[in-house]
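Enquirer: Protein chains in written order, with the UniProt record's numbering: chain A, 1 to 273; chain B, 1 to 356.
To be clear, the hints were calculated from the coordinates, so they are not data collected in a lab. Take these hints with a grain of salt, some might be off.
Calculated cross-link-like contacts (lysine-lysine; reagent style DSS-like; alpha-carbon spacing at most 27 Å) [as the list claims (entries may be wrong)]:
id, chain 1, residue 1, chain 2, residue 2
1, B, Lys222, A, Lys140
2, B, Lys53, B, Lys306
3, B, Lys149, A, Lys140
4, A, Lys108, B, Lys246
5, B, Lys326, B, Lys313
Heads up, incomplete: computed chain A residues facing chain B, CB under 7 Å, no partners named [stated by the list, open to error]:
id, residue
6, Leu106
7, Gly220
8, Leu235
C-beta: ideal position from N, C-alpha, C; glycine also.
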Amino acid sequence: MPHRHTNWLYGIPYWLWIGLFVIAPVALIIYQSFFNIDSHFTLNNYATYFHSGTYLQMTVNSVWYALLVTFFTLLISYPAAYIMSHLKHRDLWLLLIILPTWINILLKAYAFIGIFSQAGIANQFLTLIGIGPRQLLFTKSSFLFVATYIQIPFMILPIYNAILDLSPSYVNASRDLGATNWQTFWRVIWPLTLPGVKSGIQAVFIPSLSLFMLTRLIGGNKIITLGTAIEEHFLTTMNWGMGSTIGVVLIIAMVIIMIFTNSDKPTKGDRPS
Amino acid sequence: MKKLTMTIIAILVTCGLLAFSGNRLQASSGESGAKVLNLYNWGDYIDPTLITKFEKQTGYHVNVETFDSNEAMFTKIKQGGTNYDLTVPSEYMIEKMKASHLLVPLDQSRLHGMANFDPRFLNQSFDRHNTYSIPYFWGTLGIIYNDQKIKPGSVTHWNQLWQSKYRDDIMLIDSARDVMGFSLISQGQSVNTTNSAKLEAAKNKLDRLSPNVKAIVADEIKMYMVDDEAPLAVDWSGEASEMLAKNDHLHYVVPEEGSNLWFDNLVIPKTAKHYDAIYAFLNFMMEPKNAAQNAEYIGYATPNQKAKALLPKSIRDDRQFYPDQKTLSHLEVYQDLSPDKVGEYNDLYLEFKMHH
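With the rest of the complex left out, here is chain A:
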């Protein structure tokens, strides 16, 4: 068989996969979003969404908390990845970072319930150092803490790979030319590892938009995000159209993030799934 003909054939598995497991589900969600509860075609779901203060407020909440989670994750992950990449047994450390992702998110959430509860370890410690027990569960900070903890591996991985790819000779050259540590970091290391940071942001921000189990289990529904509304529309009110509409909005938000963080260079170490 001539080589030219086989070229496009190699694309078939890819397109088949994308078509069946990415495009088809998204198309179904978009399709559903145009139907009301009586299965009549309508644009009302979108009108309701954009006219309702509740949904808009929820959107703002979702984006705000996803931003906060991404910010804190980045704050911890970048230095962590940097230090790890300079350690002797870095593969072992990397494995230790990845390990928690093998555990189901619900189990981790329940573990935190135990840690943060009135009689939990965290409060025992606070009592020990004389602060006394505090309400830790069902607060916004506990939600942020747990969400950040869960997302950290997904941020560390791409950054770690980007730092490993960075040739030490750039850093040496920068030092030789008289740059300070800060200048070396800001002018050389940071721009060269930016693609890793960007894919890390994608891998963290997007799932953070709809962390609805955590908002209930750890946040006690003190934080309501769009995920909560989707769950309610699909399970309680059976208004799949409205649920899909919110889903579409989330998908659009994700596309926007993808566009903003799109890097020209392909990076390794994207979220494994």
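Mind docking chain B on chain A? Use the hints.
Expert: This is chain B only, laid out in the frame that chain A set:
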């Protein structure tokens, strides 16, 4: 080329397997042999020794499959492809299934033991003359308190939850109908109110409860209350009985001004095939001895008054789960509201959650 073909085959096989297992899963939802009964029940909602006893007594083999919400059960039965002979929806879901033509009427002539039931729990608004359903368990919505922090007798009315001294003390069950419901009752309204202004008022009253609400959670509420995480909670009697069993300091109150009265009833879905087994099972479960054993195991209130008489005095006279006549007369059953109204309840509830 070979690798490519392999990949394509792999994807197609994956899809095929998914489709096949999806089909199998639906088909295996209940076997279709002759001497079987396919029971579709809530998780851990029947004493397993009763099933063994039934199988020994009648020779039918019972397959039990479980669901965790009325809506999930409804969707599965509606989609078809299942072989369930009996299922246990709550009252509003019976109305909905009836409207969707998913239920088979009971053949009253084959039922023996309807007289065992307390007439109070028969002929309800969701199923007049019990054409489709037999009561299985009933219960209420109420307040659970921990006597280490709350003096017994100090919280007996819904309105008392609003007192400012209970700041950050209350856990609510994450359910629109129930939370909106007790706010409505506290204002003297029906739990089935459809008047938008009254619903709005109930929501506004809930907003004022916000400072006292520690969290709005689901099943976890049991774990939290048992672990003394909060001194007060609003939850269903069934959940309460499980909490009380694990923590002696917990108590359950049904406010006498009114509350929800809920039912889980046995019904025959349209998918049923094994009618002999169905009626054998229904009659078996209506026998006072069996119903009493089941009630003791599950801890919910039985509608079978002859079975209730067989229960130990401590259970029978427990006002927490068998409230007095006066309270009983104030209880209201949820009616299946129109989808629009259900949406309205949920939107208001979502707004309350947003501001909480």
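Enquirer: All the hints need checking, so say for each whether the structure fits it.
Expert: Status of each hint after checking the structure:
{"no.": "1", "hint": "B/Lys222 to A/Lys140", "in the structure": "holds (22 Å)"}
{"no.": "2", "hint": "B/Lys53 to B/Lys306", "in the structure": "holds (20 Å)"}
{"no.": "3", "hint": "B/Lys149 to A/Lys140", "in the structure": "holds (26 Å)"}
{"no.": "4", "hint": "A/Lys108 to B/Lys246", "in the structure": "holds (24 Å)"}
{"no.": "5", "hint": "B/Lys326 to B/Lys313", "in the structure": "holds (20 Å)"}
{"no.": "6", "hint": "Leu106", "in the structure": "violated (11 Å)"}
{"no.": "7", "hint": "Gly220", "in the structure": "holds (3 Å)"}
{"no.": "8", "hint": "Leu235", "in the structure": "holds (6 Å)"}
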